[in-house]
Structure formats: structure tokens, C-alpha cells
Amino acid sequence: MHSPTPAIVSQLAARRFPRWILLLLGLIYVLPGLLGRQPWSGPDLASFGVMLDMAQGSGDWLQPQVLGERAAVQAWLPYWLGAASIQLLPFLPADLAARLPYGLLLALALHWTWKATYHLARRPNAQPVAFAFGGEASPQDYARALADAALLALIASLGLAQLAHESTPDAAQLAFASLLLYACARLASPNAQWRGLSAAAWWLGAVGLALSGAPWIGLVLGMGWLLWSLAMVRSGPRVRGDVWLLVFCASGTLLAALLAWQLELPRRFEQLSDWAAWTDLAHWRRFGRLLLWFSWPAGLLALLTVWRWRRRLGNTHLLLPLWFATVGMVSCWLLDASDRALLLALPALACLAAFALPTLSRSVTALVDWFALLFFSGCALLIWFYWLALQTGLPAKPAANVLRLLPGFKPELDWTLLLAALLGTLAWIGALAWRLGRYRPALWKGLVLSAGGSTLCWLLLMTLWLPALNYGMGQEPISRRIAALTPGSSCVLVHGLSASQITGLQYHGGLELERARRQRRSSCQLLVVEPKALNTLAQTVDLSQWRALRKVPRLRENRDGLLVYLRR
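Per full-length UniProt numbering, residue 1 is the first one in the sequence shown, and the count goes up by one each step.
Please note that a few of the clues may not be correct.
Think about it this way: if two alpha-carbon atoms lie no more than 27 Å apart in a straight line, the pair counts; the simulated DSS-like pairs of lysine-lysine are [said to hold, decoys possible]: (1) Lys-410 - Lys-397; (2) Lys-410 - Lys-551; (3) Lys-532 - Lys-551.
Since the hints were made in silico from the structure, they are not lab data.
Based on the provided sequences and hints, a complete structural model is requested.
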């Protein structure tokens with residue numbers, strides 16, 4: 001005998017979120033960070049370097065590399081998308097052209113999360129309690145309201161904003177994980193039509209993950225769904241079709257398995273068998289802290305879902321997203337509490353979070369709301385306060401603290417960015433007034449402030465603070481300083497530089513680079529060295545031919561920088 005569903009929802013509470021507001025919120029979330037932002041140091045700039053090499057014809061499209069050295073992440077599809085966009089849009093700056101496909105992927109990830117939740121919420125076992133005299137939510141309205149809530153929970157997740165706006169394989173993996181979740185939810189729906197297209201979407205999601213640098217994720221997710229599907233196959237008019245769909249999906253899983261074994265799966269098995277890692281309390285603390293803040297508030301609500309629906313965890317609408325979230329969290333744990341690995345769990349956590357809302361008391365909903373109100377309002381006030389201090393010099397101490405972190409930065413007022421920040425702040429004030437007023441109940445109401453606050457803070461950072469962030473987090477300042485030291489149009493030798501540093505020198509400095517090698521004769525007049533690679537420099541070049549010129553700091557004199565040598 002099945003236990004009663006914990007969801008109690010009236011038709012009034014299942015009203016849908018206004019479509020125009022939902023679309024506007026999505027646009028405001030996706031576009032900032034896509035327009036005007038330079039590639040920042042680290043994986044973002046390194047991935048852009050691979051795309052630039054491919055687009056300019058100096059890199060092999062089947063062997064992702066930067067200046068002849070293998071890319072850290074072997075992810076063909078994301079690099080192909082960026083490189084193709086650079087070639088197809090030569091009239092745009094290369095970094096903007098490379099980011100455009102990733103803006104589309106982020107929008108699709110949001111859309112596919114909405115669709116996955118909608119199909120799972122339409123399942124009979126997910127429906128709320130039927131009232132004795134009617135008035136309970138209809139299946140379609142209930143599913144739509146939960147899908148709206150899942151989208152709000154995903155946007156509200158604190159860890160999503162920066163990583164999802166980068167042009168890296170991680171952002172592509174997020175989109176394909178969302179697509180795979182949607183395809184599984186649609187294939188699991190008893191009344192789903194166009195099952196062939198759903199299977200094609202499933203295949204694209206699994207293979208897309210494999211070609212985006214996460215083949216073992218595609219393999220494990222695919223195998224889990226295939227095993228569940230085999231267990232669910234029943235005799236009926238569609239058994240033959242179901243079997244062929246499973247065979248088709250299995251081919252995608254097989255491709256993911258081949259890539260996983262070739263790239264990284266043996267190393268994952270070694271990590272799983274490392275007993276010392278499982279008993280390392282410091283590792284578990286790092287993982288717990290990351291999971292708490294990175295997935296807030298979706299992670300907390302997903303945990304409440306597991307508790308409230310604990311007697312029905314075997315139902316598909318819970319088991320499927322729980323499996324996806326578990327795989328993402330295990331991947332995060334195996335990669336030493338990597339936030340980029342945990343990114344893949346966010347769509348499933350948002351989906352699970354939505355199913356907590358029909359079971360929550362008003363006090364819990366109010367607690368989440370008040371936290372969002374205080375936290376995001378406080379963050380917005382701090383962002384505005386320090387920006388005004390930087391622009392006006394008053395108060396003097398906060399302005400001096402910011403300029404100390406950004407030596408050489410000259411603040412300028414951009415009226416377009418300021419107007420966007422003001423409109424976003426006014427919209428936040430309007431959302432606060434609406435939420436604190438007496439309006440009809442709605443399932444998604446408790447997540448409006450969390451999603452709106454997360455979007456507001458991201459908007460303020462990508463408008464008011466965009467010039468400062470580009471200056472402080474990019475490679476343009478140091479690249480231009482080194483370019484100014486280069487005699488004439490001479491090429492530059494590099495030794496020990498990371499992919500992001502090389503890309504910065506090429507893109508921002510406009511320099512022609514070569515890797516330093518003892519066996520190669522070069523006419524380059526300048527040599528740039530990473531200080532950490534000094535101990536191997538003598539093995540690479542003849543030091544008698546070079547004299548130290550200076551150390552060029554990235555920002556501050558006493559921090560990281562690059563050593564520059566001039567040929568004697």
C-alpha cells in the first residue's frame with residue numbers, strides 16, 4: 001500500500017508565474033557577464049586560448065591545445081562551438097564571439113530544467129492530495145507551478161552565476177546535464193509523445209557530456225537510467241518500440257564509456273578505492289561547506305524534499321533527479337571538493353527543491369524569504385556603497401582599500417551600465433514591496449526573493465563593477481606592460497607560463513609567442529618566465545645569452561608577476 005502524498009496544494013496556489021516576468025528575469029540573469037566582460041584568468045581565459053588557436057588555424061581541431069601544448073581539459077565540443085563562432089562572426093571581438101554560444105547554452109540549461117521538472121511533476125505519483133469536495137490543483141497547473149519554482153531555485157543558487165557565464169567546458173557540461181535530465185524525464189513520462197525525439201535528446205545529452213570533458217558523468221548517468229528503464233519495461237503495445245529506444249540510447253552510453261576509459265575513468269576508480277580520502281575529515285568539511293553555500297537555497301530545499309517525501313523516494317519524480325544530484329556530488333567529492341564538478345548537480349537539486357514547496361509550512365517559507373531579503377539587500381547595499389566610494393573618493397578609507405587592490409586602475413563612469421544597475425535596484429525594491437504585501441498564495445512565491453536577489457547582485461557586479469573586475473581578474477594589465485617592453489615587432493619566448501597567461505599575452509598584448517626550447521634556434525629578443533619555473537629555465541635556454549630585465553607585476557608589486565629577460 002502506497003503512503004499518502006505529502007503535497008497539499010489548492011488550485012489557487014498552483015497559479016503560474018507571469019510569463020513576461022519569468023522571461024525578463026532569465027534575460028537579466030543571462031546577458032550580464034555575456035556582454036562587456038573580458039575573459040578572466042584561469043579556466044575561462046585558458047579555454048578562450050584553445051578556441052582562438054583553432055579559429056586562427058594554428059591549432060588542431062582534434063587535439064585541443066594552446067601554443068602547441070595539450071589543453072588541460074580535453075573537451076572537443078565546447079572548443080569547437082567557440083572557435084566556430086569566432087570564425088562566423090569576424091566583425092565581433094573574438095572574446096565576445098566565443099561567449100555567444102555559451103550564453104545560448106545557459107539559456108537552454110534554464111529551459112531544460114524547467115521542462116524536466118514539468119514532466120516529472122505531471123506523473124501520477126507526484127500529484128497532490130485530492131480534496132474531498134474538489135478544489136485541488138489540476139495536474140497541468142500544478143506541474144507548471146513547480147517548474148516555475150525549479151527555475152527560480154536554479155537562478156537563486158549562489159554557485160551558478162560566475163561559472164555558468166564562463167566560456168569553459170564546465171558551462172557546456174551544465175547545459176548537457178540539463179538536457180539529459182529533461183530527456184530522461186520525458187522518456188519516463190507515461191503519456192509522452194514524440195518518444196523518438198526524446199531519445200535523440202537523450203543521446204545528444206550523453207554524448208554532449210562525453211565530448212565536453214565529462215565522459216564518465218555521461219556514462220554513469222546513462223547507465224543508471226538504462227538500468228532503471230530495463231526494470232520498468234512492461235508487456236504492452238509499445239514494448240518493441242521501447243526496446244529499440246533503449247538500444248539507441250545505449251549506443252550513446254557506449255560512446256561515453258569509450259571516451260571515459262580513454263581519458264579518465266581508471267583514475268576515478270583509483271580515487272574511489274583510496275580509503276585514506278574517505279576518512280579525511282578536512283576533506284569532508286571542505287565538501288560540506290562548499291555544498292552548503294554553492295547550492296543555497298536549492299540544496300537545503302532538496303534535503304527537505306528527501307525528508308518530506310522519504311516514504312516515496314522510489315517514485316520516478318524523486319528518484320531521477322536524486323540520481324543526477326548524487327552523481328554530481330560524488331564527482332565533486334572525487335575532485336577534491338571542486339565547485340566546477342558540483343555545478344552539474346544544480347539542475348537536479350533545483351528540480352528536487354521544487355517538490356519541497358508543496359510540503360512546507362508558512363514558517364519555513366518565511367524563514368527562507370527573510371534570509372533572502374536580508375542577505376541580498378545587504379549585499380546590494382555593500383556593492384553600491386563601495387562603488388560610490390570608488391567614484392567619489394568618499395568615504396576615503398573604503399575607496400583607498402579598493403584602489404590598493406587595483407593599483408593603476410582609473411575609475412570611469414559609464415552611464416549605460418549605471419542606468420542598468422539603477423533599473424535592477426528599482427525592480428528589487430518593487431519585488432520586496434510585492435512580497436511583503438498581502439497577495440494570493442503561490443507555490444513559487446517563497447523563491448521569488450532568492451532568485452531576484454541573486455540576479456540583482458550579479459547584475460550590479462556586471463554593471464557597476466565590470467571595469468574594475470575586468471582590470472583585476474583579467475590578464476590585460478600585465479599583458480600590455482610586457483608588450484610595451486617588446487622591441488619592435490620581435491617575437492617573445494615563454495617558459496613555464498600557464499595557458500591563461502599565454503592567451504593574455506597573445507590576445508591583449510598582441511604578441512607573437514614561441515615556447516622556449518633548447519634545441520630550437522630563435523630570433524626572439526624577449527623571454528618571459530613564470531617565477532615558479534625558474535628551476536627548469538637553465539635546462540631550456542642558454543642563460544648566457546639573456547640578461548634579466550625586470551619583474552612585471554600582474555597588479556601589485558609584492559604579489560604575483562612574470563620575469564622578463566632581454567637577449568644580450
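Now the hints, each set against the structure:
1. Lys-410 - Lys-397: holds, 17 Å
2. Lys-410 - Lys-551: Holds. Lys-410 to Lys-551 sits at ~23 Å (cutoff 27 Å).
3. Lys-532 - Lys-551: Given pair Lys-532, Lys-551 holds - Cα atoms ~13 Å apart, limit 27 Å.
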